[in-house]
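So the chains spell out like this:
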Amino acid sequence: MKWDTLGSFLAMGGYGLYVWGSYALTAILLTAEIVVLWRRHRTLRCRPGRNAQQPDTNS
Amino acid sequence: MAINWFRFASPQTFYPLAGRMIPVFAVLAAVLGVAGLYIGFFVAPTDFQQGEVYRIIFIHVAAAWMSMFIYLVMAAWAAFGLVLNTRLSSMMATALAPTGALMTFIALWTGALWGKPTWGTWWAWDARMTSELILLFLYIGFMALQASIDDPRRADKAGAILALVGAVNVPIIYFSVKWWNTLHQGASVSVGRAPSMASTMLLGMLIMALAFWMYSIAAALMRVRSIILERERNSQWVRELAAGAPA
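Protein chains in written order, with the numbering used here: chain E, 210 to 268; chain S, 620 to 866.
Accuracy of the hints is not assured; some may be wrong.
Covered stretches of chain E (in silico footprint by chain S; criterion: 3 or more residues with CB under 8 Å from a CB of chain S, positions within the stretch not fixed) [claimed, not checked]:
hint: 1; segment: 213 to 223
hint: 2; segment: 229 to 241
Over 12 Å on every C-beta distance to chain E, these chain S residues come out as not near it, computed from the model [to be verified]:
hint: 3; residue: Asn-623
hint: 4; residue: Asn-704
hint: 5; residue: Thr-705
hint: 6; residue: Pro-790
hint: 7; residue: Val-808
Have a look at the derived ranges for each label pair, beta carbon to beta carbon [as the list claims (entries may be wrong)]:
hint: 8; chain 1: E; residue 1: Lys-211; chain 2: S; residue 2: Leu-783; range: 44 to 52 Å
hint: 9; chain 1: E; residue 1: Leu-234; chain 2: S; residue 2: Arg-639; range: 29 to 37 Å
hint: 10; chain 1: E; residue 1: Gly-216; chain 2: S; residue 2: Gln-804; range: 28 to 36 Å
hint: 11; chain 1: S; residue 1: Trp-744; chain 2: E; residue 2: Gly-222; range: 26 to 34 Å
hint: 12; chain 1: E; residue 1: Gly-216; chain 2: S; residue 2: Ala-628; range: 51 to 59 Å
hint: 13; chain 1: E; residue 1: Ile-243; chain 2: S; residue 2: Asp-770; range: 28 to 36 Å
I should point out that these hints are in silico values taken from the structure, not numbers from a laboratory. Even glycine gets a Cβ: it sits at the ideal position worked out from N, Cα and C.
Given only the sequences and the hints, what does the whole structure look like? Please build it.
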């Protein structure tokens with residue numbers, strides 16, 4: 210194992226802020242995209258007339 | 620076995636097919652992502668010059684490659700839509716743009732966080748970074764243009780022209796480190812030359828790139844399914860689908 214302790218793993222040789230800042234934002238953005246896509250599809254699947262961008266005034 | 624590919628060009632046929640493909644690509648993305656991160660953090664050695672900060676490479680390069688690749692695929696679908704007038708092709712182009720923009724943003728963000736400790740600056744107006752920023756503006760421009768046109772078919776055509784003209788930027792990004800003297804380093808991996816990095820580093824990078832690729836396909840397929848439902852909402856099959864869906 211490369212890392213002796215959890216602390217040294219998190220410290221990343223003193224570059225923890227840069228390394229984890231990169232990975233954290235990437236994880237947040239990718240997760241958020243999937244959640245948004247999943248919810249958008251779920252809404253449309255039940256009510257295809259409902260569209261956030263083009264509200265259907267007839268419904 | 621002869622497959623009639625044009626059958627899948629129908630949104631009605633493609634919608635359930637995409638639904639079956641999404642879990643496959645999602646699982647592949649997750650498995651490859653875990654494997655890539657394991658190699659990246661636990662197998663790949665510390666870089667003798669940069670120390671541990673180089674580990675940003677595993678997402679930086681993967682996102683940067685995908686940002687360019689997605690743009691080319693988006694432009695290709697847009698061109699198909701323009702030439703063959705197939706609705707689904709244009710929908711695929713529209714579905715790829717936000718994911719491409721996201722990859723471009725991740726490449727820029729991780730680049731900034733890598734640049735600060737290694738070059739001493741978050742940002743420089745060098746050719747690689749500037750052309751990547753232009754790529755982000757091209758994605759945003761494509762999405763804004765399509766969103767501003769009410770008629771989807773006209774939005775497809777206008778977007779396609781923008782996507783095709785903007786495609787010239789991709790080779791500029793790729794070759795910028797060769798054509799100009801940039802702060803950004805040259806290619807670590809290129810065809811016909813041994814990679815200038817440890818083999819485990821390279822392996823982790825390639826696996827992460829594959830994971831991002833699979834993720835992008837899954838995300839684009841999820842988005843195209845929503846786009847299909849939106850655009851076909853007045854068709855019989857979408858109404859039946861909604862009627863049969865659990866409330």
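Results of checking the hints against the structure:
1. Counting residues of the segment 213 to 223 of chain E whose CB falls under 8 Å from any CB of chain S gives 4; the rule of at least 3 is met.
2. With a cut-off of 8 Å between beta carbons, the segment 229 to 241 of chain E has 7 residues touching chain S; three or more are needed, and the interface restraint holds.
3. For S/Asn-623, the non-interface assignment is confirmed: its Cβ lies about 27 Å from the closest Cβ of chain E, beyond the 12 Å cut-off.
4. Every CB of chain E lies more than 12 Å from the CB of S/Asn-704, the least distance being 23 Å, so the non-interface label holds.
5. Here S/Thr-705 stays apart from chain E, with its beta-carbon at least about 21 Å from theirs, past the 12 Å limit.
6. Chain E leaves S/Pro-790 outside its interface by the beta-carbon criterion, the shortest separation being 26 Å against a cut-off of 12 Å.
7. Every CB of chain E is more than 12 Å from the CB of S/Val-808 (nearest about 20 Å), matching its label as outside the interface.
8. Checking the proposed 44 to 52 Å range against E/Lys-211 and S/Leu-783 shows it holds: the Cβ atoms sit about 47 Å from each other.
9. Judged by the Cβ atoms, the range 29 to 37 Å given for E/Leu-234 and S/Arg-639 holds: they are separated by roughly 32 Å.
10. E/Gly-216 and S/Gln-804 have their C-beta atoms about 31 Å apart, which keeps the hinted 28 to 36 Å range intact.
11. Checked against the hint of 26 to 34 Å, the pair S/Trp-744 and E/Gly-222 passes, with Cβ atoms roughly 30 Å apart.
12. For the pair E/Gly-216 and S/Ala-628, the supplied restraint of 51 to 59 Å holds, since their beta-carbon distance comes to about 55 Å.
13. Distance hint check for E/Ile-243 and S/Asp-770: the Cβ-Cβ separation is about 30 Å, which falls inside the suggested range of 28 to 36 Å.
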